[in-house]
Every structure is written in C-alpha cells, then in structure tokens.
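For the sequence shown, the positions run -20 to -1, 1 to 76 when mature numbering (1 follows the signal peptide of the UniProt record, and there is no 0) is used.
Don't read these hints as lab results, they were simulated from the structure.
Some hints could be false.
DSS-like, lysine-lysine: derived pairs with alpha carbons at most 27 Å apart [said to hold, decoys possible]: (1) Lys22 x Lys69; (2) Lys67 x Lys22; (3) Lys22 x Lys74.
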Amino acid sequence: MKALTWMSCALLLCAAGAQAESMRCGSSLINAGDRAWEVEQKCGAPDHRDEVGYTLGGYDRREYRVEEWVYGPRNGTSYILTFEANKLKSIEFKRN
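Between the sequences and the hints, there should be enough to build the whole structure, so can you do that?
Put into structure tokens, the structure is as follows:
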C-alpha cells in the first residue's frame, strides 16, 4: 500500500511540472548559470516575460531582480526560465 502511495505522489509531481538543468533551442543548448543575453541570443525573444520581484543576495545583502521567461507552448510543452541577477537559475517545463 505504501508503494502505491509513493508512486501516486511521484506521478502527481511529474504531471505538475519538472525541473531541468538544460534546454535545447534549435541546435544550441542553454544551461543553468547562463546569462540572459546568451539565452536570448540562442533561443530568441521569449513568448512572455514577467518581472517577478527581487531577492536578497548572499553575503553582500544586495537586492537582485527575479524575472521569468516563458517559451511555448511548443509541441505541447511550455518552458519557464527563472533568472536571478540576469543569470539563469532554473528551467521548468510543463506539459499542456
């Protein structure tokens, strides 16, 4: 019974969205840590761009802008890229 519960939870997490460390744009590959201008050069302008807010940096306690870029839906999948301080922090994908 426990195995069935764990499997159900895992399936729900997969359906809700997943995280990736890289994403393919044509023949180019973008990775977490890439700068915003590099991503735009490789993937083109996003379909939607949203300024989410600000976050505090580590030791220096500076505020950094947080922005989300959305590509898609393409082939039934949307990609949400989160940038902090103009560096790609995470790549999330969701099936539509």
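**Request:** Give me the numbers of the hints this structure contradicts, sorted from smallest to largest.
**Result:** Those not satisfied: there are none.
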